[in-house]
Amino acid sequence: MASSIDDLDLKALVAAERRNNRPNWPLAVLALVISAVWIVPFYYMATSIFKTTEEYSQNHPLSLPASWHPVIENAVTAWTNAKMASGLLNSMLYSTVGAGLAVFIAALAAYGLTRFDFRGRNLWFMLIFSGTVFPLQMYLIPLFFTYQGLNLLNTHAGMLIFYTAICIPFPVLVLRNFMNGLSREMDEAARMDGAHELTVFLKIILPNCWGPMTATFLLQFTWIWNDLLFSTVLANKTDVRSIMNALQTFQGSYASTGPNVVMTATIIASLPSLILFFLLRRHFMEGMRISTV
Amino acid sequence: MAENSQETDEQLLDRIGRDVLLAQERKRGVLAFRSAVMFMAPAAFIVSAVLLFPVVYNVYLSFTKWKRFKGYDEFAGFGNYERLTTNHFFTEAFANTAIWVAASITLPLLLGLGLALLLRNVPGEGLFKTIIFIPRILAPTAVAVLWYYVYAPDGIVNWFLGLFLPGDVDIGWLYQDNTITPSIIATFVWQSVGLVMVLILLGLAAIPRDPIEAATIDGATPFQVFRHIVLPLLSPTILVVTILSVLAGFTAFDLLWVMGTSYPGQRTLSLAVFMYFEAFQKGSWAFGSAIAVVIGFVVLSVTWIQALLQNHIDKMTK
Amino acid sequence: MTFKTKIAAAVLGAGALWASGAAADVELVHDKGFWSEALQEMGDAAGEMTGNRIIETAYANPEQYKAFIYTSAASDDMPNMFTWWTGGVYEDLVDTGQIAPLDDVWDAMIARGDFDAGLRDFYSVGDHVYGVPLHLSRWVALYNKEHFKSVGLDEPQTWEDLVEDAAKLKAAGITPFHATTQDGWRGFIWFQEIMIRTNPEAYAGLHDGSVAYDSEPVRAAFEIWSDWYQKGYFTDPRSNDEVADFARGEGAIYLIGDWAVGLVEAAGMKSGEDFSAFIVPNMDPKLPSSTILEGAPLVLSVAGMKDPDTLAGLEFFVSVDGANAWAKASGNSIGNANAEAPNAIVEKINADVAEKGTIAIDRWWEAVPAELQGEFVAEFNRFMLDPTMDTAEQVMSNLQSLNEEYWAEN
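Chains as they are written, first to last, in this note's numbering: chain A, 7 to 299; chain B, 74 to 391; chain C, 319 to 728.
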């Protein structure tokens with residue numbers, strides 16, 4: 007898959023395809039039938055949040071809501087009972103700071119790995135990258151105890167440290183490949199002029215890496231945002247837990263408030279990543295692509 | 074010394090110069106290394122402390138007898154691993170994990186490929202693709218919560234079946250031994266097939282048109298074209314997609330955790346869930362660590378096979 | 319509380335405040351998130367009355383909480399005051415040697431006439447007592463008074479009454495019994511009840527390995543249970559909302575600890591008026607009346623015992639004022655004889671217990687070895703989801719194989 011970023015524009019892709027293939031209407035009907043498997047659950051979720059609990063339990067799951075008003079009460083109930091404000095704030099903190107720090111630290115490492123000639127470069131790379139080979143389950147028990155001992159359990163700092171660490175290896179891989187492709191002439195010239203290494207990194211290399219850095223940032227942001235496992239194990243208290251943990255706990259222990267409310271909470275918890283996706287779709291697709299090569 | 078006295082001044086200078094040059098070279102190397110370390114240190118330190126140290130610690134713990142309050146410093150040898158072989162929950166969890174691996178190798182790929190080929194020729198394909206891709210943006214937890222209700226006894230799956238079956242359908246999809254794993258796998262596929270489809274479309278777009286057109290002119294059927302031209306050229310994409318799906322399916326936790334809450338045998342849904350139960354519910358830390366090691370072993374094997382296949386494909390395409 | 323005692327408490331509190339120099343906050347660590355607000359109310363009351371404010375710290379779920387306590391034991395750093403469970407996990411905890419004996423505290427509690435000496439044994443391990451009750455709940459049958467009235471039923475006095483009542487309710491279109499697998503832990507409830515009503519001796523034997531889970535008494539219990547399911551006596555086990563189901567009038571009888579009375583009230587029923595409770599009768603009328611007794615202990619670590627403020631916090635909890643504050647905040651009784659009953663139902667049950675001389679039986683959840691708890695209850699849930707005798711046989715054999723393995727090792 008040697009396509010450049012521009013090739014990823016789905017519209018261009020579509021256009022190219024269409025030139026070769028005339029529209030096929032019977033297939034369109036088939037596609038519509040198949041996509042019902044996706045549309046119906048979405049429709050179900052979208053209508054349920056406009057129902058009261060009573061309305062939900064007494065009517066057909068796919069019936070249209072009587073009015074749109076109940077969504078406000080559902081959202082308020084979900085917001086207060088699932089303590090979503092703190093969940094959203096925590097996840098926002100973990101995702102932005104964790105992914106941001108990770109990508110920056112990874113860029114530093116990639117710079118070290120590509121801009122200096124020394125023996126054992128591969129070894130250093132393997133050391134950092136090996137953080138991504140092991141399954142997450144191997145971290146759980148030791149981290150739990152180490153955190154317990156260091157008083158990091160149920161703290162924002164503890165969560166940030168873990169999320170930053172887990173998000174470093176992959177951007178190192180991507181940024182190392184990318185920086186290897188950048189010509190060393192510019193930075194050699196700057197070095198001749200007596201620029202400090204840090205200056206070279208900040209002023210010359212970083213500005214050239216915004217593309218892959220944004221793409222990996224978004225991937226890591228989403229990873230942290232979606233994480234349930236580590237918040238469950240390392241930060242289960244209301245004021246530090248992540249939004250997905252809040253959602254899962256809500257679904258588990260407040261089932262009595264009704265599926266309509268739980269689904270409203272689900273939508274609230276998903277909105278940030280959905281909005282981000284539609285705003286930055288290209289960067290996301292680039293991220294998806296680089297994560298496979 | 075005799076040898077030295079025989080050396081001419083020029084040779085001597087030459088030698089000193091060479092030493093100086095070598096020293097300078099070495100010094101530059103050391104300097105470069107030092108600077109590089111300054112840049113690599115934060116990443117190397119954090120990764121070692123937060124990720125690699127726990128892995129080692131986990132392996133250590135798996136050889137202790139730690140359970141609840143006791144045995145932290147007692148050595149158990151391979152005791153925990155031996156216990157795995159006789160534990161029937163482990164056997165069931167392992168079997169379910171094997172089902173997950175088999176299903177996540179085949180289903181996302183086949184369906185993704187099918188959807189990609191189908192949607193290529195369909196008007197409004199952009200919309201279809203977006204719809205199918207959206208679940209991938211949602212968190213597994215969110216998808217699991219939605220499907221928990223979709224599969225509910227009075228949910229829409231049973232409603233749909235009720236259209237074709239007589240009587241009142243109220244199957245507890247997420248409550249029964251024989252339906253829960255297929256149900257959760259279906260949700261997994263529902264969520265992940267969009268990405269697979271997009272990646273395959275990218276792979277298809279990269280295939281040159283010429284050989285296909287030439288073959289068509291020579292009278293090859295569409296199936297022959299697909300089998301002998303498209304498929305081989307698509308194999309790198311297929312490999313990547315498969316590995317991604319397997320690793321995702323193998324370590325899936327969130328879906329099983331949320332959708333399996335009502336199922337009495339939740340601990341047997343997969344090795345990842347079993348490990349969580351043993352460690353964090355029963356306090357069998359050492360035993361849980363041993364399960365984690367087994368999971369690690371399988372994941373590393375899959376990664377290793379991927380590397381081998383990748384090599385093989387790289388050689389073939391060269 | 320009267321105005322006088324309030325003043326007295328305030329004066330005492332002020333005195334204590336002055337004596338200790340500053341109000342000390344005492345931390346109470348627990349996993350009962352649903353009681354967070356109630357515990358804080360209680361803690362504030364402690365602050366007002368004694369100058370030692372109790373601050374509650376909740377862990378989100380029992381699993382993480384247990385793990386937290388296990389690890390604090392490993393690092394010899396237990397919280398000063400925390401809640402725990404009785405049974406096997408309690409003995410494990412005491413085994414660490416990091417829990418303080420509360421013999422002197424209990425001597426004083428009994429000497430004041432607040433607590434029954436028998437209750438001390440409930441919290442004893444070996445020769446010492448290590449905990450005081452955070453709550454004491456009897457497991458009784460809550461029933462919907464309107465349903466009972468509509469079918470013309472009284473509280474059943476014998477097992478035959480109960481069976482007949484169930485049949486009458488069913489015939490009238492009312493599901494007699496509530497039972498769900500909600501939250502994963504409730505599967506044991508009806509098993510436990512049928513066992514103690516039909517064969518309490520065998521029930522006790524289950525917990526020391528002397529009676530097998532595939533023995534005849536257990537099979538007989540499963541047969542009754544399965545038979546009632548076949549007759550449609552139970553509500554859908556897949557419901558996620560037992561309390562609301564009961565409050566909505568879906569079924570007539572809800573077997574649960576009396577701590578649930580507050581929850582049912584919150585769901586809209588008035589205790590004593592809309593619903594009441596009875597002690598389930600035994601099959602053999604010659605057996606003494608009995609109920610399951612559940613009572614999570616409040617314990618102090620050795621370090622907590624040395625801290626006078628923490629000890630004072632614990633002592634407040636078991637005092638008459640403390641018990642009243644806690645009853646008001648949470649609807650729970652701790653068994654302090656001089657405190658007021660938290661609600662009409664607990665009052666009624668207390669009267670029944672006094673009249674019938676009802677004895678207490680350990681709850682299955684605490685009595686079963688801690689290690690088997692989760693796996694066993696899952697098997698009971700499995701039966702409830704498919705309540706045939708075939709499943710019961712499978713469940714019994716699964717239970718027994720785990721049970722055998724455990725008792726062979728321990």
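Simulated from the structure, these hints should not be mistaken for lab results.
Note that CB positions come from ideal geometry on N, CA and C, so glycine has one too.
Wrong hints could be hidden among the right ones.
What the hints assert, rightly or not - Derived lysine to aspartate or glutamate pairs resembling EDC-like cross-links, with alpha carbons at most 16 Å apart: (1) A:LYS89 / A:ASP245; (2) C:LYS666 / C:ASP592; (3) C:LYS624 / C:GLU355; (4) C:LYS604 / C:GLU478; (5) C:LYS646 / C:GLU665; (6) C:LYS549 / C:ASP592; (7) B:LYS143 / C:ASP545; (8) B:LYS143 / C:ASP394; (9) A:LYS243 / C:GLU355; (10) B:LYS143 / C:ASP413; (11) C:LYS467 / C:ASP592; (12) C:LYS646 / C:GLU355; (13) C:LYS467 / C:GLU482; (14) C:LYS488 / C:GLU409; (15) B:LYS143 / C:GLU689; (16) C:LYS488 / C:ASP410; (17) C:LYS549 / C:ASP704; (18) A:LYS243 / C:GLU374; (19) B:LYS143 / C:GLU482; (20) B:LYS100 / A:ASP245; (21) A:LYS209 / A:GLU194; (22) B:LYS143 / C:GLU665; (23) C:LYS588 / C:GLU665; (24) B:LYS138 / C:GLU689; (25) A:LYS89 / C:GLU519; (26) B:LYS138 / C:GLU727.
As the list claims (entries may be wrong) - Pair by pair, the computed Cβ-Cβ distance ranges are: (27) B:GLU98 / A:GLY217: 45 to 51 Å; (28) B:PHE370 / C:SER719: 45 to 51 Å; (29) B:GLU147 / A:PHE284: 54 to 60 Å; (30) B:PHE118 / C:PRO626: 24 to 30 Å; (31) C:SER719 / A:PHE284: 51 to 57 Å; (32) C:HIS446 / B:GLU147: 36 to 42 Å; (33) B:MET389 / A:LEU95: 36 to 42 Å; (34) C:GLU366 / B:PHE118: 32 to 38 Å; (35) B:ASP82 / A:THR138: 55 to 61 Å; (36) A:PHE284 / B:PHE151: 42 to 48 Å.
As the list claims (entries may be wrong) - Beyond 12 Å from chain A on every Cβ pair, some chain B residues (computed): (37) GLY102; (38) ARG107; (39) PHE118; (40) SER135.
Do the hints match the structure? See the list:
Note on LYS89 (chain A) and ASP245 (chain A): the hinted pairing holds, with a Cα-Cα distance of about 9 Å set against a maximum of 16 Å. Distance check on the hinted pair: LYS666 (chain C) and ASP592 (chain C) sit about 14 Å apart at the alpha-carbon level, within 16 Å; holds. Under the criterion of a C-alpha separation no larger than 16 Å, the hint pairing LYS624 (chain C) with GLU355 (chain C) is inconsistent with the structure, at around 28 Å. Using a Cα cut-off of 16 Å, the hinted pair LYS604 (chain C) and GLU478 (chain C) holds, with the two alpha carbons roughly 14 Å apart.
Note on LYS646 (chain C) and GLU665 (chain C): the hinted pairing holds, with a Cα-Cα distance of about 14 Å set against a maximum of 16 Å. Under the criterion of a C-alpha separation no larger than 16 Å, the hint pairing LYS549 (chain C) with ASP592 (chain C) is inconsistent with the structure, at around 27 Å. A C-alpha spacing of about 44 Å is found between LYS143 (chain B) and ASP545 (chain C), which places the hinted pair above 16 Å, so the restraint is violated. Of the supplied pair hints, the one linking LYS143 (chain B) and ASP394 (chain C) holds, its CA atoms being roughly 12 Å apart against a limit of 16 Å.
Annotation: proposed proximity of LYS243 (chain A) to GLU355 (chain C) holds, straight-line Cα distance about 15 Å (limit 16 Å). With a C-alpha separation of about 10 Å, the suggested pair LYS143 (chain B) and ASP413 (chain C) falls inside the 16 Å cut-off, and the hint holds. The hinted pair formed by LYS467 (chain C) and ASP592 (chain C) meets the criterion: a straight-line CA distance of about 11 Å does not exceed 16 Å. For the suggested pair LYS646 (chain C) and GLU355 (chain C), the alpha carbons sit about 12 Å apart, so the restraint of at most 16 Å is met.
With a CA separation close to 15 Å, the supplied pair LYS467 (chain C) and GLU482 (chain C) stays within the 16 Å bound. Under the criterion of a C-alpha separation no larger than 16 Å, the hint pairing LYS488 (chain C) with GLU409 (chain C) is inconsistent with the structure, at around 44 Å. Of the pairs offered as hints, the one joining LYS143 (chain B) and GLU689 (chain C) holds, with about 14 Å between alpha carbons and a cut-off of 16 Å not exceeded. Annotation: proposed proximity of LYS488 (chain C) to ASP410 (chain C) is violated, straight-line Cα distance about 45 Å (limit 16 Å).
Of the supplied pair hints, the one linking LYS549 (chain C) and ASP704 (chain C) holds, its CA atoms being roughly 14 Å apart against a limit of 16 Å. For the hint linking LYS243 (chain A) to GLU374 (chain C), the alpha-carbon distance of about 13 Å falls within 16 Å, and the restraint holds. Only pairs whose Cα atoms come within 16 Å are accepted, and LYS143 (chain B) paired with GLU482 (chain C) is rejected, the gap being roughly 51 Å. Taking the CA atoms of LYS100 (chain B) and ASP245 (chain A), the gap is about 52 Å. The hint is violated against a cut of 16 Å.
Between LYS209 (chain A) and GLU194 (chain A) the CA atoms are separated by roughly 13 Å; this keeps the pair inside 16 Å, and the hint holds. Taken as a hint, the LYS143 (chain B) and GLU665 (chain C) pair is broken in the structure, with Cα atoms around 43 Å apart against an allowance of 16 Å. Among the hinted pairs, LYS588 (chain C) with GLU665 (chain C) is consistent with the structure: their alpha-carbon atoms are about 14 Å apart, no more than 16 Å. Among the hinted pairs, LYS138 (chain B) with GLU689 (chain C) is consistent with the structure: their alpha-carbon atoms are about 15 Å apart, no more than 16 Å.
Distance restraint check for LYS89 (chain A) and GLU519 (chain C): the Cα-Cα separation of roughly 47 Å exceeds the 16 Å cut-off, and the hinted pair is therefore not satisfied. In summary, the hint linking LYS138 (chain B) to GLU727 (chain C) is supported, as the alpha carbons are separated by about 14 Å, within the 16 Å threshold. For GLU98 (chain B) paired with GLY217 (chain A), a C-beta distance near 36 Å fails the hint of 45 to 51 Å. Against the hinted window of 45 to 51 Å, the Cβ-Cβ separation of PHE370 (chain B) and SER719 (chain C) comes to about 28 Å, which falls outside the hint.
In this structure, GLU147 (chain B) and PHE284 (chain A) meet the distance hint of 54 to 60 Å, their C-beta atoms being roughly 55 Å apart. Against the hinted window of 24 to 30 Å, the Cβ-Cβ separation of PHE118 (chain B) and PRO626 (chain C) comes to about 45 Å, which falls outside the hint. Between SER719 (chain C) and PHE284 (chain A) the CB atoms are about 54 Å apart, so this pair conforms to the stated range of 51 to 57 Å. Checking the proposed 36 to 42 Å range against HIS446 (chain C) and GLU147 (chain B) shows it is violated: the Cβ atoms sit about 27 Å from each other.
Here the CB-CB span from MET389 (chain B) to LEU95 (chain A) is close to 51 Å, at odds with the stated 36 to 42 Å. Checked against the given bound of 32 to 38 Å, the beta carbons of GLU366 (chain C) and PHE118 (chain B), roughly 50 Å apart, lie outside it. Between ASP82 (chain B) and THR138 (chain A) the CB atoms are about 59 Å apart, so this pair conforms to the stated range of 55 to 61 Å. At about 52 Å, the beta-carbon gap between PHE284 (chain A) and PHE151 (chain B) misses the expected band of 42 to 48 Å.
The claim that GLY102 (chain B) lies off the interface is violated: its Cβ sits roughly 6 Å from the closest Cβ of chain A, which falls inside the 12 Å cut-off. With a least CB separation of 9 Å from chain A, ARG107 (chain B) falls inside the 12 Å interface cut-off, contrary to its annotation. The beta carbon of PHE118 (chain B) sits about 10 Å from the closest Cβ of chain A, which is not more than 12 Å, so the claim that it is off the interface is violated. Not every beta carbon of chain A lies more than 12 Å from that of SER135 (chain B), the smallest distance being close to 9 Å; the non-interface claim is violated.
Violation of the numbered hints given earlier is confined to hints 3, 6, 7, 14, 16, 19, 20, 22, 25, 27, 28, 30, 32, 33, 34, 36, 37, 38, 39, 40; the remaining hints are satisfied by the structure.
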